[in-house]
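Just so you know, the sequences run in chain order A and B.
Be aware that the first sequence starts at 1, since it is given in full-length UniProt numbering, and climbs by one per residue.
Be aware that the second sequence starts at 1, since it is given in full-length UniProt numbering, and climbs by one per residue.
Incorrect hints may have been included.
Said to hold, decoys possible - Result set (EDC-like, lysine to aspartate or glutamate): computed pairs, CA atoms no more than 16 angstroms apart in a straight line: (1) A/K45 with B/E684; (2) B/K738 with B/E722; (3) A/K23 with B/D378; (4) B/K742 with B/E684; (5) B/K45 with A/E114; (6) B/K394 with B/E359.
No lab work stands behind these hints: they were computed from the structure.
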Amino acid sequence: MESCPSIKNILLLDSEGKRVAVKYYSDDWPTNSTKEAFEKAVFIKTQKTNARTEAEIAMFENNIVVYKFAQDLHFFVTGGEDENELILASVLQGFFDAVGILLRGNVEKKEALENLDLILLCLDEIIDGGIILETDANVIAGKVASHSIDSNAPLSEQTISQALATAREHLARSLLK
Amino acid sequence: MAQPLVKKDDDYDDEEEYSPFLGIEKGTVLQEARVFNDPQLDTRKCSQVITKLLYLLNQGETFTKVEATEVFFGVTKLFQSRDIELRRMVYLMIKELSPSSDDVIIVTSSLMKDMNSKNDMYRANAIRVLCRITDGTLLTQIERYLKQAIVDKNPVVASAALVSGIHLLQTNPEIVKRWSNEVQEAVQSRAPLVQFHALGLLHQIRQNDRLAINKLVSSLTRGTARSPLAQCLLVRYASQVASESAANSQTGDRPLYDFLDSCLRHKSEMVILEAARAIAELNGVTSREVTPAITVLQLFLNSPKPVLRFAAIRTLNKVAMTHPMAVTNCNIDMESLISDQNRSIATLAITTLLKTGNESSVDRLMKQITNFMSDIADEFKIVVVDAIRSLCLKFPLKYRSLMNFLCNILREEGGFEYKKVIVDSIVILIRDIPEAKENGLLHLCEFIEDCEFTYLSTQILHFLGIEGPKASDPSKYIRYIYNRVHLENATVRACAVSTLAKFAVMVDSLKPRIYVLLRRCLFDSDDEVRDRATLYLKTLGADGSVLVNEKDVPEILFGSLDLPLGNLETSLKNYEPSEEPFDLDSVPKEVRSQPLAEKKGSGKKPNGLGAPPITLASSVDAYEKMLRSIEEFAGFGKLFKSSASLELTEAETEYAVNVVKHIFDRHVVFQYNCTNTIPEQLLENITVVVDASEAEEFSEVVSKPLRSLPYNSPGQTFVAFEKPDGVAAVGKFPNVLKFIVKEIDPSTGEAEDDGVEDEYQLEDVEVVAADYMLKVAVSNFRNAWESMGEDGERVDEYGLGPRGSLAEAVRAVIDLLGMQPCEGTEVVPTNVRSHTCLLSGIFIGNVKVLARLSFGLDASREVAMKLVVRSDNEAVSDLIHEIISCG
């Protein structure tokens with residue numbers, strides 16, 4: 001057993017199995033084609049299951065995959081076969097809920113692509129090189145969207161429209177919290 | 001007409017999903033990336049471009065080196081903006097690009113500035129980025145900051161530093177190990193995840209220091225960790241300590257068991273599962289110890305969460321392998337899981353039930369499984385078939401219903417792997433349960449009537465040829481077999497012909513009828529089928545001519561080849577057509593990495609006179625080829641054995657040297673594999689000076705130096721000794737590596753002209769008796785033993801003194817003799833007081849040796865051994881005893 005729980009990959013696919021955002025932390029899939037083959041296999045195998053209320057689980061080529069769907073988005077977290085399933089599930093739940101917060105409840109592909117930067121930052125805050133950084137969705141979302149502007153930034157660096165835009169976002173996000 | 005067209009357009013729009021990245025192209029985005037260079041930065045625009053670049057990378061697009069460098073340089077300019085969001089994207093982008101070490105230098109100062117910023121988010125992220133792209137030299141510069149960060153009061157910063165530490169431990173262990181005081185402090189942190197990361201890092205730093213781990217675990221298990229994750233780690237480490245110390249004491253209570261047990265009542269399910277699994281996997285866990293774990297897992301079985309049910313049933317499945325009785329309490333819960341939506345859970349439930357079920361429940365279970373089989377995928381079916389096979393072997397009386405089940409599913413649809421498992425299972429059952437034979441064979445016959453897999457058809461035909469003639473009424477199989485000759489492809493037809501011939505050999509009454517069938521095969525369209533039919537008709541004497549003694553026929557036609565097919569294949573490839581026929585005896589019989597026999601010279605003279613292809617050979621063939629190609633050793637005759645390589649230097653020294661001992665009848669060759677691990681040096685004229693003064697029977701004949709040894713490309717030097725013919729001479733050889741060192745000019749990469757002579761002390765090489773023994777397995781030890789007879793038998797008893805365990809004593813003796821354990825007897829069951837181990841081997845001079853070792857353990861842990869050796873040569877039997885009494 002690994003001395004530290006480790007995550008092999010996190011996948012966010014759409015309802016046709018295409019990538020929205022994926023992140024691999026293990027060398028098990030060295031090339032893009034092996035990655036795509038894995039995604040396809042996982043997608044096809046899990047497609048018909050109902051993973052909308054509770055996270056589901058499956059074994060895959062000596063890996064454990066936990067997954068959950070929302071609208072046209074499919075969330076997957078993969079770990080080694082000796083990994084504690086509930087740890088994987090907690091990572092999945094953290095990712096799933098954080099995305100929900102960041103997309104303001106509109107968990108669907110279009111919204112996710114429009115806010116891809118947030119999704120990528122979200123992945124970055126959950127796992128670092130396979131090691132779990134954080135699993136609490138609120139903390140993760142908070143880290144991704146906590147701030148928009150460095151208070152020390154000189155105003156001269158912003159144009160009026162930028163300032164307005166950032167102000168709008170600031171407001172929107174503070175409402176969110 | 002216009003109306004529907006418009007409508008169609010609308011539909012089209014709906015179907016075509018909107019995506020902000022629609023029609024995105026790498027070239028365009030790279031163009032857009034020029035905004036990074038604008039003097040007046042548009043931060044929103046820059047963020048968007050980075051997102052697009054990340055999107056491309058995420059979709060599997062790759063950047064060329066030039067493109068990546070360009071983007072990287074552009075991104076570094078963005079450090080002048082103080083927009084936090086943009087900065088976050090910059091961090092992400094740098095991590096994705098993983099710049100080369102030459103480029104890293106450009107962002108180092110910016111990142112170091114961020115590392116000391118007042119903004120915690122900057123600090124945390126800058127640490128993670130910097131540690132991701134850093135190398136050893138840079139790391140020493142920032143080490144000071146990282147140590148501070150580990151004990152930082154902001155948990156995000158501390159976690160960032162600790163997690164980076166875990167990664168860096170792989171590449172720069174010596175630096176990270178210096179941080180253990182800070183990490184130790186972080187373990188006491190109030191922030192739950194900091195404690196988790198600190199614990200993970202501390203354990204990895206100390207993992208080779210068992211005492212430190214013991215201390216760490218026992219101090220922490222007194223309290224509770226602040227997060228379920230940290231508690232899980234603690235459980236993992238505690239179970240490691242528990243299983244290691246159990247191996248030592250073996251008495252009284254298992255240390256830390258109470259802690260694991262208490263974790264079963266933790267409020268987090270994650271920890272409960274971890275603890276239950278840890279207990280279930282303890283070495284030699286008793287039923288009493290495992291029961292509380294099973295109780296909590298049983299509760300999980302009824303959870304609404306699939307993940308939890310899966311985790312529980314998977315653990316129970318493992319426990320059922322060793323403690324089936326302890327799991328029976330869960331049978332009712334598991335039976336309800338057979339209808340679980342999640343098929344993985346259902347399959348695990350079934351296979352567990354098959355292990356825990358008793359004889360009376362088999363029939364009921366089979367009924368449930370039959371319904372279940374139709375709606376699961378092949379991969380699950382395979383698991384179920386395996387489980388049913390072991391169940392049938394466990395309850396042979398139930399073979400009828402189980403065999404029927406297997407035969408039914410054999411008739412249904414399924415892929416090759418699935419069918420193969422079923423056929424294999426039926427074959428095993430036929431072999432092990434005599435009553436099942438007739439029935440099983442008929443089912444197999446019916447299966448090949450309609451089998452689309454050539455491989456399975458031929459396997460079954462072969463099996464029929466062995467078992468069919470021994471059945472009560474062999475004639476009833478002939479029809480099925482002969483049908484194959486009509487209906488199948490050439491491979492199956494040829495196989496069917498062989499099977500028919502086997503029946504003819506074994507069953508005299510069928511002979512005339514089979515001859516008729518075989519004669520018909522003479523008109524087959526395929527060469528192989530005709531050839532086989534002709535061969536069998538001739539050798540069986542169907543036409544009245546007697547070619548061979550009738551008694552020899554079965555042996556000649558169907559006797560086993562007794563050779564590893566892989567070796568035969570290589571030998572045939574090496575064989576060059578010549579006057580001399582191919583000699584089967586020249587094929588090595590050794591399955592493992594040592595060659596047994598070497599060919600008899602002709603047509604295989606060393607060819608490369610200039611530069612013999614010296615490679616780092618490891619496998620049998622490679623050794624043979626290499627030694628053959630070296631002129632000096634060509635006259636040594638056939639290679640008897642090559643040892644595994646033996647390190648002669650400590651790991652991580654300047655020069656890495658290991659030795660392989662090649663044993664010939666009258667010679668021993670030491671092959672030294674040398675590696676130069678210093679980039680600034682070139683070694684020339686390398687030899688190993690061997691002092692054979694203590695090994696009287698050996699005299700050095702050749703020393704073959706290595707001309708040059710550049711950095712990190714291994715090379716070989718050889719020393720050969722002569723020894724008395726066929727004698728197992730032993731001895732110890734101190735050696736010194738001698739060479740000329742030349743410095744390499746780092747600017748040009750050229751070696752300087754002048755070198756300095758130097759030498760390097762290596763560890764001693766020992767030639768031991770086991771070097772003269774080949775590991776050769778025999779398939780049936782009892783037969784081999786009895787056929788050897790008592791003439792060359794030698795018996796004696798030995799006291800081996802106190803040993804940790806029987807297993808240790810057995811291993812030591814096997815290693816000492818260098819013989820092949822047979823029939824799995826090298827494995828000693830736990831907690832037994834006596835054990836018998838069977839060994840076989842071939843001693844130099846081609847003498848077969850068999851040994852039977854009986855071990856016993858008395859109350860004071862003294863091990864006694866009785867050794868019975870049989871061989872063709874009494875002197876060798878005596879020698880084996882000498883080896884034991886000297887060792």
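Right, here's what the structure says about each hint:
For the proposed pair A/K45 and B/E684, the alpha carbon gap of about 59 angstroms is over 16 angstroms, so the pair is violated. Annotation: proposed proximity of B/K738 to B/E722 is violated, straight-line Cα distance about 22 angstroms (limit 16 angstroms). Between A/K23 and B/D378, the direct Cα distance comes to roughly 30 angstroms. Violation of the 16 angstroms bound is thereby established for this hinted pair. Our distance criterion of 16 angstroms between C-alpha atoms is met by B/K742 and B/E684, whose separation comes to about 8 angstroms.
For the hint linking B/K45 to A/E114, the alpha-carbon distance of about 14 angstroms falls within 16 angstroms, and the restraint holds. A C-alpha spacing of about 9 angstroms is found between B/K394 and B/E359, which places the hinted pair at or below 16 angstroms, so the restraint holds.
Hint check: violations occur at hints 1, 2 and 3; the rest are consistent with the structure.
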